[in-house]
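K.L.:
Here is what each chain is made of, one letter per residue.
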Amino acid sequence: MTIQETAQNLLTEKKVDCIIGYEQGFDDVHPMPCIIFSPDSVKKLIFNSNCFHNLSKYVLKVRGKKIGIFVKGCDLFSLREIIKEHQVNREDLIIIALTCDGIKDRQAVKQNEDKLAAKCKHCGVKIPKEDVDYIIGNEKIKQITQEELADKELLAKLEELEKLTPGKRLEFWKKQFEKCIRCYACREVCPACYCPECFAECTQPKWINTNVSPMENIMFHLIRTQHVFGRCTDCRACELACPVGIPLSLITANSLKMAKELFDYVPGADITTLPPLETFKPGEEFDKML
Amino acid sequence: MKEKDIYKPHLMTVDYIKQETPDVKTFRFIFQDTEAGQKFSFSAGQFLILSVFGVGEAVFTFANSPTRKGYIECSIKKVGKVSEAIHDIEIGDTVGLRGPYGNCFPVDKLKGKKLLFIGGGIGLAALKSLLEYSIDMKQDFKSRFLLYGARSPQDLCYKESLPVWQKEGEMDVFLTVDKGDNEWKQKVGLIPTVLKELNPTPLDTIAITCGPPVMIKFTVVALKDLGFSDDDIVTTLELKMKCGLGKCGRCNIGSIYVCKDGPVFTYKQMLALPDEY
Amino acid sequence: MNYIIEKNQVKTLLDKISAGYEIFAPVLHNGLPVFEHITETDKVLSDVYTVNSPKGVVFPQTEVLLKFNLAKNKVDLKELEESNKKILIWGARACDAVAFEILDKLFNWANYKDEFYFNKRDKATIISFSCINPPDSCFCTSIEKGHPFSKQGSDLLLTEVQDGYYIQQITKKGEEFLNEIKSVLKPASADVEKEIEKLAKEAENKIKRKINTKEIKSKLDVSFESKYWDEASFPCVNCGACTYVCPTCYCFDIADNLAKTSGERVKTWDSCMFANFTKMGGGVNPRIDPKRRFRQRFNHKFKYFVENMGEPLCTGCGRCIKSCPVGIDIRKVLTEAQ
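From first to last, the protein sequence lines are chains A, F and G.
In terms of this note's numbering, the first sequence opens at residue 1173 and continues consecutively.
In terms of this note's numbering, the second sequence opens at residue 10 and continues consecutively.
In terms of this note's numbering, the third sequence opens at residue 280 and continues consecutively.
Hints are computed from structural coordinates only; laboratory data are not their basis.
In this text the structure is predicted, and so the values were computed from the model without any measurement.
Where hints are given, some of them may not hold.
[Said to hold, decoys possible] Cβ-to-Cβ under 10 angstroms is the rule here; a few derived chain F residues that face chain G:
no.	residue
1	G65
2	V91
3	L280
[Unchecked claim] In silico SDA-like links for lysine to any residue, alpha-carbon gap of 20 angstroms or less:
no.	chain 1	residue 1	chain 2	residue 2
4	A	K1216	G	K611
5	A	K1340	A	R1235
6	G	K496	F	S264
7	A	K1347	G	E319
8	G	K346	F	R107
9	F	K90	G	K611
Even glycine gets a Cβ: it sits at the ideal position worked out from N, Cα and C.
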C-alpha cells in the first residue's frame, strides 16, 4: 500500500482522528510536516529523501486524539521514548513505519549537491519492524553491515575532543556557541524536550540570563544536554534545526555513547526498558555521571 | 550622550508601607531627586513601571490621586517575581520608577456625571486614584457610588479609607465578598449579582470598573442589562508589558497597544478589539 | 565621478578606515556566512547572503541599558561607556538597508525616541550589495520599497561588475565615506551605469514568486478567527529562528542581572513565538496557544504594522523561509490565509 492509501483507509475507517505526515513545502527539496483530518486531504501526503523532520514530537500537539503517524526508523526511536515517558498512550497511536534508505544532507541540498546525511550512512533501522502497525516502502533496501554501524569519523572527532584539556575544550565550545542566537530551535524540535516551562524561561528561580554570550549560551546547552541525557536518541533534529550551524551532533553522539558505556542503554531501542536516569539498578556506578 | 534616556528610572525612596491584605501591600515612594519629583505629573488611570534593581521591572497603576502630591502610591499584590521582591522591601529602601505611561480616565467625559465605581480585588487600586480625585474635585462631579468586592473579608483593601471616602465623598459604599465569615455583616455574592440587586440607574451615570478579567466580563453583562450604553462603561485592560513605550511588541491586541492606546478603554472600544486579551 | 572597487582591494579599504570605525561584516562560521563585529579584515566576505541580518548592529541582541551598584538603602546608577567610533556596515543586502528605515519608524514611535538605537543608527554608514542573482526564497519585489537593486536605506550600493564592485553613491553620508576611501578606488567607465540598469531589470525578473501585500491585508482583516490558523500553524514548533534572523522583527525583553551587589539591566531580543512573551506575573497568558502566537507573527507583519506605520514589517529577504527548521514559507502562509 502507498502512504496515501494507508492514510485514506485509516481515516475512512475512523481508526484515527488525524494523520501526521509530510507535505510538499515551498519547493521539492523543502517538504514540511503536516496534519490531516480528512480523507480528502491524503493526496497531499508525500515521502522522499528530503523528509528529514522527526515527526514524533508532533503527537504532543494533538494529545488525546487517535493519531496516525508516519515514522522513519530514527523517528521511531524518539517516539518510543515519548511513549515510555507516558506523554502519549501507545493505544492512541497507529504507527506507520516508512522504510528509508537515507535522507539527503541538508547543507549539500542547499548547495544543489546530492549527498547522504552523515548519520544515515550508519543507520541500522532502515526497515523499522518492531512496535509498528504498518510498514510502507521497499522492504528490500540494502542493509548496512555491522562494521558500518559505527560512525568512525564522528567517534574520532569525539575522541579528539576528549583528549583536549578542559580549558581547551571549553575554548572549542565557546567558539561554537558564540554564534548561538538562542532561538531555541534545537529545543523546540527536540522530541525529548517537552517541559511545559523550560528552565531557560523560568524566572522563579532564574537559572540563566537572557544575555546572549558564549558562556550564557553554553549554560543553556549544557543544562539541556543533561536534561535529555539517556533519553536523547541522537536523532540530530537539533543540529538540522540550528540556523547557525552549530555541530550539536558532537553532543548528542556523545550522549548516546555515554548512555551505552555507563548504563548499557540505547535510548529508543525498545519500548519497555526505562531510561537509565528514571530507574536505579543495584550496583550501578552512578557516581560516574557526576 | 543620550539626549533623553527613555529607559532610565527615577530613584525613589520607600517612605511608607502598609499591609492591606495577606498578599497586598500599599507603598509610598518619594523622589530622591526633588526637582524631578516636582516636575513629575500624572493623571488617574495612567500606569508606571517600578523596578527592584537586580530583580527587574513590572507595571503598576498609580493608586493615589494626582491631587495628592508629594508622593507616589501603589498597592501591589504578590503575583510574580517583581511583586514578590517588592513585598520584601523595607522603609528607606530604593526602587526605580519610570512613567507615567498610557492614557487616563476620561475626566472631561466624566465631568458633571454620576460616577459608579465597581472594583474587584486589587483592581480597586486603579479606581482609588480616580475616586480620590473625584472627592478632591467634588464640584466637578454629580455623585459617587462604590461597589467593591473581594474573595473574603480579609482580602478587602483600604479598609481604613473606605469610611473616609464615604464621609468626605458623601457616597454610598457597598462591599461584597464571595465567602463571608462570622463577623461579616455586608453582602455576600459575586459583584455582577450584587450590582444587579443594587440596581443603579444608568441615567447620567458612567460606570468605571476594574478587576480581574472574568469579573469585568460579567460586570459588563450586568451593566448592559441595567441599561448602560457601551460608551458609558469604562474599564482598564492589563497585559504583559516590558517597555511601556510602544516598542517591545507584546501588549498588542490587534493593532492597538495597551501601553500606548490604553490602559483605559470604554466597552465600546473593547468591542472593536480581537479576542486576544 | 563614478568608482569601482576591485575585489582584492576590499581588505585594503577596511584596513584603511578601521581606526575610525567599528566594522560589521559577513564572515564564515561553520561554513555559513554570518554578520558580526570583525577585527580581522582578511576574513571579511562581501557579496554573500548571511544567515542573520545586520539589524543587530544597531539593535544588538543583548544591550545594557543600565548599570548599578547596590548598597544598604542605596542604588548607584553608573554611567554607561559609549564608543566614540563610527560604525561601518559592510555587505548588507539591499533589502537589509530597507529594514533600517522600517526600524527607524518603530524606535521613534509613540512619542518616545529610543536613543540606544538611534545613537548607533546615526553613527552607522551602510554599504549594501545589490542582488544580481536573488535566491528562490527572495520576494523583495512584492514589497513597495523592495527591489534587488533598491537604494532605500543604503549609503552606498555596490554591484558586482566585471572588474570589481561598481559603487553607487546614495546619501551624503555615503559621499563622505567615499571621500575617505578614494585612494583605493578606481574610476569606472561611463557605460557601467547602463550595464547596472540592465542587471537590475534582469534581477527583478528572476524573482518569480510574488505576494500581493494589499490583498493579503484584506484577507488578514477578516481571518482572525478562521480555522485556517489551526492547520497552518501545525508544523510550526514555535522556536524563534524566523524572528531572530528577520531584519525587521524588533520585539524585545528587559531584564535585570545581578552578581552580588553590582547589576545591569539589559534589553534582549525576544520573540512573539515564545510562550513567555505575553505571560503575565499571575500566569494569565492571552497567547498561550501556539496557534495564537503563529497568527500574531503574520498579522503583526502584514496587518497591525501596516495599520500603524503604513507599510508591512517585512522586506521580502526570505531569511525566515531559509531558517525555518520545518520549512514554513511566509509567502505560502499569507497567500493561503482565509
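K.L.:
Give a verdict on every hint.
P.N.:
The hints, checked one at a time:
1. Annotation: interface hint on G65 (chain F) holds; nearest CB of chain G at approximately 5 angstroms, less than 10 angstroms.
2. For V91 (chain F), the shortest C-beta to C-beta distance to chain G is roughly 7 angstroms, which falls under 10 angstroms, so the interface hint holds.
3. Using the Cβ-Cβ criterion of 10 angstroms, the hint placing L280 (chain F) at the interface with chain G is not satisfied: the shortest such distance is roughly 14 angstroms.
4. Distance hint between K1216 (chain A) and K611 (chain G) is fulfilled; the C-alpha atoms sit about 15 angstroms from each other, no more than 20 angstroms.
5. Taking the CA atoms of K1340 (chain A) and R1235 (chain A), the gap is about 45 angstroms. The hint is violated against a cut of 20 angstroms.
6. Straight-line distance between C-alpha atoms of K496 (chain G) and S264 (chain F) comes to about 13 angstroms, which keeps the hinted pair within the 20 angstroms bound.
7. Under the criterion of a C-alpha separation no larger than 20 angstroms, the hint pairing K1347 (chain A) with E319 (chain G) is consistent with the structure, at around 16 angstroms.
8. Distance restraint check for K346 (chain G) and R107 (chain F): the Cα-Cα separation of roughly 16 angstroms lies within the 20 angstroms cut-off, and the hinted pair is therefore satisfied.
9. Straight-line distance between C-alpha atoms of K90 (chain F) and K611 (chain G) comes to about 40 angstroms, which puts the hinted pair past the 20 angstroms bound.
The structure does not agree with the numbered hints 3, 5, 9 stated previously, though it agrees with the rest.
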